[in-house]
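Residue numbers (this note's numbering): 1 to 401.
Hints are computed from structural coordinates only; laboratory data are not their basis. Quick reminder that beta carbons are idealized off the backbone N, C-alpha and C, glycines included. Treat the hints loosely; a few may be bogus.
Derived pair list, reagent style SDA-like, types lysine to any residue, alpha-carbon separation capped at 25 angstroms [to be verified]:
1. Lys-207 with Lys-320
2. Lys-96 with Phe-142
3. Lys-70 with Phe-142
4. Lys-124 with Arg-32
5. Lys-169 with Pro-309
6. Lys-169 with Ala-376
7. Lys-336 with Tyr-236
8. Lys-75 with Ala-26
9. Lys-75 with Leu-245
10. Lys-320 with Gly-401
11. Lys-320 with Arg-257
12. Lys-336 with Pro-323
13. Lys-169 with Gly-266
14. Lys-336 with Glu-301
15. Lys-207 with Asn-42
16. Lys-320 with Lys-75
17. Lys-320 with Phe-126
18. Lys-336 with Asn-264
19. Lys-320 with Asn-264
20. Lys-70 with Leu-47
21. Lys-336 with Asn-82
22. Lys-320 with Tyr-236
23. Lys-124 with Asn-264
24. Lys-75 with Phe-142
25. Lys-320 with Asp-288
26. Lys-71 with Phe-142
27. Lys-70 with Ala-225
28. Lys-169 with Lys-70
29. Lys-336 with Tyr-255
30. Lys-124 with Val-395
Pairwise CB distance ranges, derived in the manner of DEER restraints [to be verified]:
31. Ser-73 with Thr-328: 39 to 49 angstroms
32. Arg-350 with Arg-203: 20 to 30 angstroms
33. Ala-373 with Asn-68: 30 to 40 angstroms
34. Pro-375 with Thr-322: 36 to 46 angstroms
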Amino acid sequence: MALESTARKEADRPSKALVRDEGMHAFTLMNRTHEVFQFCYNDATGLFYDQNRIIDPGRAPLGMVSSNGKKVSTKLLAFWWNYRAIPTIRDGIDVKLEQLDLRAPSQIPFRSWGLSLTDQYWVKPFRSTVQWEDINFFFHGFPSSDASSWLDEVGGRSPDNTTDGELPKRWVCERGRGVLLKAGGRLNQEPYNEAVATALYRRLLPKDEYVPYTLRGAGEQAVCACENFVSSTEEYVPAYYVRRLVRHPSPRSDYRRYLDCCANLGATNAEEALAKMIVCDDILGNRDRHWRNFGLVRDVETGAFRIAPLFDAGNSLWSKVTPEHLATDDYSFTAKPFHTDAARQLRLVRDWSWFDPAALKGFEDEAADILSANPALAGRVDFVRRAVRWHIEQVVRASRG
């Protein structure tokens, strides 16, 4: 059943006192074609102000509106918006801000109505007649730069304005669909790691449970590419916001609390999905499965939730270990998100009915072959091969009890 607007009549104008302040601007937060709530933003201070005019709390970002639908948390609004923007640690962002005459990355999304390709939220200026159908990136193309600078389109009408993460990335439009390109760090191992992860998922998981990445280019110049995994009626909801639905202190573990929240939202098969994520991350030595790169997908028209496909395994395969570490037999890694000890996290998996050990035969060699295409990784490939083999053995042993 479609979400119903629990509407209050929208007032004709925001607070005169606020808008009169220097640098203050009034907006309506929109979710696709639906008005959600009004707020003000001061671009001189970066502060958000609630206008106490909530139109459709059910379509607000998860957890941002109080349970009675009467109050917007401006603290969470600012937090959500800042994570929507390019992080300050992205290489080159300081220079870009100077070029745009802006003081902070969080100001950049306002240049393109706050639109994103991972959800349907946008900000409509007060008295504006602009419509979602006319501006969204799902129905309309957008500039796609082939230049060497990853920030060329930032500040213009581009979904690059709302790309989080430290490493260089940009959206391109191909055959009418958004495709995300990502580069790597000093050795450029991260794009190759995504290709290795895709090879693993292909062996163990159904196609709709992971985002496939392909390599483009060669050697240290290669990037990885993946298609957008949400449609024009969907939003990606990071697990960070899902788990916040239970805010009071709880004796339950983060793992169990997250599953409870998924159940409350009607997302089915969450425990099996987490089991698959934990097992695959263990084999890959994924040290960066934080609370923002797994979660749910919500249909903004019906309110229905589903499990988001697995994506973002670039920080895996021991990409940060030192050259001295490569000479050892230490294949440990610091796990996330439920336990830092990988073995302890693996013990959370109770149902192994989906797991086929035979599907992993030769995977360590396939992983090594993929990494070998980057000459900069020549000294690391043998270690990764051994580490993957060791973790496969641990996982198979765990699956047999």
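Results of checking the hints against the structure:
1. Taking the CA atoms of Lys-207 and Lys-320, the gap is about 29 angstroms. The hint is violated against a cut of 25 angstroms.
2. With a C-alpha separation of about 19 angstroms, the suggested pair Lys-96 and Phe-142 falls inside the 25 angstroms cut-off, and the hint holds.
3. Restraint check: the Cα-Cα separation between Lys-70 and Phe-142 comes to about 37 angstroms, which exceeds 25 angstroms; the hinted pair is violated.
4. With a CA separation close to 11 angstroms, the supplied pair Lys-124 and Arg-32 stays within the 25 angstroms bound.
5. Restraint check for Lys-169 and Pro-309: satisfied, since their Cα atoms lie roughly 20 angstroms apart, inside the 25 angstroms limit.
6. With a CA separation close to 21 angstroms, the supplied pair Lys-169 and Ala-376 stays within the 25 angstroms bound.
7. Of the supplied pair hints, the one linking Lys-336 and Tyr-236 holds, its CA atoms being roughly 20 angstroms apart against a limit of 25 angstroms.
8. About 17 angstroms separates the Cα atoms of Lys-75 and Ala-26, which keeps this hinted pair within 25 angstroms; it holds.
9. A distance of roughly 16 angstroms separates the Cα atoms of Lys-75 and Leu-245; the hinted pair therefore holds under the 25 angstroms criterion.
10. For the proposed pair Lys-320 and Gly-401, the alpha carbon gap of about 32 angstroms is over 25 angstroms, so the pair is violated.
11. For the hint linking Lys-320 to Arg-257, the alpha-carbon distance of about 31 angstroms lies beyond 25 angstroms, and the restraint is violated.
12. At roughly 24 angstroms between alpha-carbon atoms, Lys-336 and Pro-323 fall within 25 angstroms of each other, so this suggested pair holds.
13. The hinted pair formed by Lys-169 and Gly-266 fails the criterion: a straight-line CA distance of about 33 angstroms is larger than 25 angstroms.
14. Proposed proximity of Lys-336 and Glu-301 is contradicted: the alpha carbons are some 33 angstroms apart, above 25 angstroms.
15. Straight-line distance between C-alpha atoms of Lys-207 and Asn-42 comes to about 45 angstroms, which puts the hinted pair past the 25 angstroms bound.
16. Among the hinted pairs, Lys-320 with Lys-75 is inconsistent with the structure: their alpha-carbon atoms are about 34 angstroms apart, more than 25 angstroms.
17. Taking the CA atoms of Lys-320 and Phe-126, the gap is near 47 angstroms; set against the 25 angstroms cutoff, the hint is violated.
18. Pair hint Lys-336 plus Asn-264 holds up; C-alpha atoms about 23 angstroms apart against a cutoff of 25 angstroms.
19. A distance of roughly 38 angstroms separates the Cα atoms of Lys-320 and Asn-264; the hinted pair therefore is violated under the 25 angstroms criterion.
20. As the CA atoms of Lys-70 and Leu-47 are separated by approximately 20 angstroms, the hinted pair is consistent with the 25 angstroms bound.
21. Between Lys-336 and Asn-82, the direct Cα distance comes to roughly 23 angstroms. Compliance with the 25 angstroms bound is thereby established for this hinted pair.
22. Using a Cα cut-off of 25 angstroms, the hinted pair Lys-320 and Tyr-236 is violated, with the two alpha carbons roughly 28 angstroms apart.
23. At roughly 31 angstroms between alpha-carbon atoms, Lys-124 and Asn-264 are farther apart than 25 angstroms, so this suggested pair is violated.
24. At most 25 angstroms may separate the alpha-carbon atoms for a hinted pair to count; Lys-75 and Phe-142 exceed this at roughly 32 angstroms.
25. For the hint linking Lys-320 to Asp-288, the alpha-carbon distance of about 11 angstroms falls within 25 angstroms, and the restraint holds.
26. Between the alpha carbons of Lys-71 and Phe-142 the distance comes to roughly 35 angstroms, so the proposed pair goes past 25 angstroms and is violated.
27. Between Lys-70 and Ala-225, the direct Cα distance comes to roughly 42 angstroms. Violation of the 25 angstroms bound is thereby established for this hinted pair.
28. Between Lys-169 and Lys-70 the CA atoms are separated by roughly 38 angstroms; this puts the pair beyond 25 angstroms, and the hint is violated.
29. Restraint check: the Cα-Cα separation between Lys-336 and Tyr-255 comes to about 11 angstroms, which is no more than 25 angstroms; the hinted pair holds.
30. Between Lys-124 and Val-395, the direct Cα distance comes to roughly 50 angstroms. Violation of the 25 angstroms bound is thereby established for this hinted pair.
31. Between Ser-73 and Thr-328 the CB atoms are about 47 angstroms apart, so this pair conforms to the stated range of 39 to 49 angstroms.
32. Range check, Arg-350 to Arg-203: about 22 angstroms between beta-carbon atoms, so the 20 to 30 angstroms window is met.
33. Between Ala-373 and Asn-68 the C-beta distance comes to about 56 angstroms, which lies outside the given range of 30 to 40 angstroms.
34. As the Cβ distance of Pro-375 to Thr-322 is approximately 19 angstroms, the hint placing it in 36 to 46 angstroms is violated.
Hints 1, 3, 10, 11, 13, 14, 15, 16, 17, 19, 22, 23, 24, 26, 27, 28, 30, 33, 34, counting from the list given before, are not met by this structure.
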